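Each chain is listed here by its residues.
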Amino acid sequence: MSWLSSQWMWIASLAVLHFRLSLIPVLVGFLLSLPLGWLANRCGRGRSVFLAVVAAIYAIPSLSLLIALPSAIGTRILDPLNLEIILTLYALALMTRTSADALRQVDRQAIDGAQSMGMSPVRLFFTVRLPLAGPVMLSGLRVVAASTVSLVTVGSLIGIDSLGTLFTEGYQRSYIFEIMTGVVLTLLVALVLDGLLVGIGKLLMPWTRLKTTHHTQSSHLDRTAEMEAMA
Amino acid sequence: MIYERTWSWLTAASTWQGPQGMGVRTGIYLWDCLLTLLLALAIALPLGLWIGHTGHLRQVVVAFTGGMRALPTLGLLTALSLWMGLGLGAPLLALTVLAIPPILAGAYSGVESVDPRIVDACHAMGMTGWQTFRMAELPLAAPLIVSGLRSAAVQIVATWTVAAYLPIEGLGRYLIDGLAVHNYPEMLGGSLVIIVIELVVDGLFALLERAVVARGVRLERGMAGATSSRAQ
Numbered sequence: 002m003s004w005l006s007s008q009w010m011w012i013a014s015l016a017v018l019h020f021r022l023s024l025i026p027v028l029v030g031f032l033l034s035l036p037l038g039w040l041a042n043r044c045g046r047g048r049s050v051f052l053a054v055v056a057a058i059y060a061i062p063s064l065s066l067l068i069a070l071p072s073a074i075g076t077r078i079l080d081p082l083n084l085e086i087i088l089t090l091y092a093l094a095l096m097t098r099t100s101a102d103a104l105r106q107v108d109r110q111a112i113d114g115a116q117s118m119g120m121s122p123v124r125l126f127f128t129v130r131l132p133l134a135g136p137v138m139l140s141g142l143r144v145v146a147a148s149t150v151s152l153v154t155v156g157s158l159i160g161i162d163s164l165g166t167l168f169t170e171g172y173q174r175s176y177i178f179e180i181m182t183g184v185v186l187t188l189l190v191a192l193v194l195d196g197l198l199v200g201i202g203k204l205l206m207p208w209t210r211l212k213t214t215h216h217t218q219s220s221h222l223d224r225t226a227e228m229e230a231m232a
Numbered sequence: 048m049i050y051e052r053t054w055s056w057l058t059a060a061s062t063w064q065g066p067q068g069m070g071v072r073t074g075i076y077l078w079d080c081l082l083t084l085l086l087a088l089a090i091a092l093p094l095g096l097w098i099g100h101t102g103h104l105r106q107v108v109v110a111f112t113g114g115m116r117a118l119p120t121l122g123l124l125t126a127l128s129l130w131m132g133l134g135l136g137a138p139l140l141a142l143t144v145l146a147i148p149p150i151l152a153g154a155y156s157g158v159e160s161v162d163p164r165i166v167d168a169c170h171a172m173g174m175t176g177w178q179t180f181r182m183a184e185l186p187l188a189a190p191l192i193v194s195g196l197r198s199a200a201v202q203i204v205a206t207w208t209v210a211a212y213l214p215i216e217g218l219g220r221y222l223i224d225g226l227a228v229h230n231y232p233e234m235l236g237g238s239l240v241i242i243v244i245e246l247v248v249d250g251l252f253a254l255l256e257r258a259v260v261a262r263g264v265r266l267e268r269g270m271a272g273a274t275s276s277r278a279q
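Each protein sequence line maps, in turn, to chains A and B. Quick note: to get our numbering, add 1 to the position in the first sequence (first position is 1). Quick note: to get our numbering, add 47 to the position in the second sequence (first position is 1).
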């Protein structure tokens, strides 16, 4: 316990760092998944092949990729940028299928209506398609966020600081309390990020607040189960 | 430069031979992965099928599998290792625990995804719950079950690498030991071998996923494909 009281500033700074390291890949991965998902839907019969290839990135082990990437793009091995790029790729691998599915399941009648009012394709995408696809995308993004927060800790194996540092240091000092602190705080960071995403979702999609919460809750759970199985 | 050194390391006979060579380590690695997958399968598959068939415990398990995703593997590994001591027990337990959620999710969402009208039709024909499960739900759920297995297998192969942070044999040694002495060709070579294994495992399960689609479903899809584009 004296460890906790003497080190809490360092621990808190690791938690903040961990949050920052998780946030960027989730956001960038999400933004990149939009054009890729849109492109997948334009591929016709090639759609499932396209999505399978993108999803295969997720199959590459993170530690191997962390070691292999720097030599390929010329960064230093300890550069946190490597971790950010890899986590973005994973987020992209998980999120592209969700974005493609979300954009495709938008009600045909809404699109026909917008088109018949003379809406340009660009405006149609941003004001009709994207908002209507939003709720499905959000539930996919929450899965991505949880997995990203957990993956950040692997960086500590090659010396990139995060809450994972508490695992490697705690293991070397045979101090199980330090590891448990890290586990709890990692779950907490995941919870905060999840809350943030839900909050942003409610702000950007105020109409989802009107629906019965039970319905949205269960659709999120279904999406989560589906992604757990497919990931 | 680094690639040439990696290549010569990978193709050197000394890399592959001996009790700590690539051959033995690959064998140990694959065996550990298989054991983990079978253990997780033995626990998660019956439970997941039961939940899908009966609907019991659904909310609890869905919340549990979602939350498990944020549980950091490395934390679980190191904590269990300090608690259980050295040896294969701690990583085996940690990796089994982490492989359970995807298999569970695949199994119950697979059974749940079966059209309720089919289940009703089975009941109407006088089939028992067990017969409905064995002759309708299980074959129709098979692709999603295999899909869950696939993501569990992919995760297991990736995580046994991380488990080499503990003193255990296997391919992860090249990454962790190479890192300790800054031997980049060894780290990179080991990484490439693991990436290849991972992609092969993923590909094999992808083929299996296609192979287990029930014959009736395949025929129906063939006919539907002739008239309209594929449904979601």
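No wet-lab data here; the hints were simulated from the structure. Treat the numbers as computed from the prediction; the structure is a model and nothing was measured. Just so it is clear, CB atoms sit at the ideal spot from N, CA and C, and this is done for glycine as well. Please note: incorrect hints may appear among the correct ones.
Estimated spans, in silico, between C-beta atoms of each pair [to be verified]:
1) B:Gly263 - A:Ile74: 55 to 61 Å
2) B:Leu251 - A:Asp162: 35 to 41 Å
3) B:Leu133 - A:Gln8: 40 to 46 Å
Here are some, though not all, of the chain B residues that point toward chain A, as calculated from beta-carbon distances under 8 Å [said to hold, decoys possible]:
4) Leu96
5) Arg116
6) Ala126
According to the in silico footprint, chain B covers these stretches of chain A (three or more CB under 8 Å from chain B) [to be verified]:
7) 114-127
8) 134-142
9) 155-165
Checked hints:
Hint check: Gly263 of chain B to Ile74 of chain A, Cβ distance near 49 Å, so the stated range 55 to 61 Å is violated. For the pair Leu251 of chain B and Asp162 of chain A, the beta carbons lie near 37 Å from each other, so the given range of 35 to 41 Å is met. The given range of 40 to 46 Å is broken by Leu133 of chain B and Gln8 of chain A, whose C-beta atoms sit roughly 27 Å from each other. With its C-beta approaching chain A no nearer than about 13 Å, Leu96 of chain B sits outside the 8 Å limit, and its interface hint is violated.
For the restraint placing Arg116 of chain B at the interface with chain A, the shortest Cβ-Cβ distance is roughly 4 Å, inside the 8 Å limit, so the hint holds. About 4 Å separates the beta-carbon of Ala126 of chain B from the nearest beta-carbon of chain A, less than 8 Å, and the hint is met. Evaluation of the coverage hint for the region 114-127 of chain A: breached, as 0 residues show C-beta separations to chain B shorter than 8 Å, against a requirement of three. A count of 0 residues in the region 134-142 of chain A with a Cβ less than 8 Å from any Cβ of chain B is obtained; the coverage claim is therefore unmet, three being the minimum.
Closer than 8 Å: that is the beta-carbon criterion, and the region 155-165 of chain A has 6 residues meeting it against chain B, so the requirement of 3 holds.
In terms of the numbered hints stated before, the structure departs from hints 1, 3, 4, 7 and 8, listed from lowest to highest.
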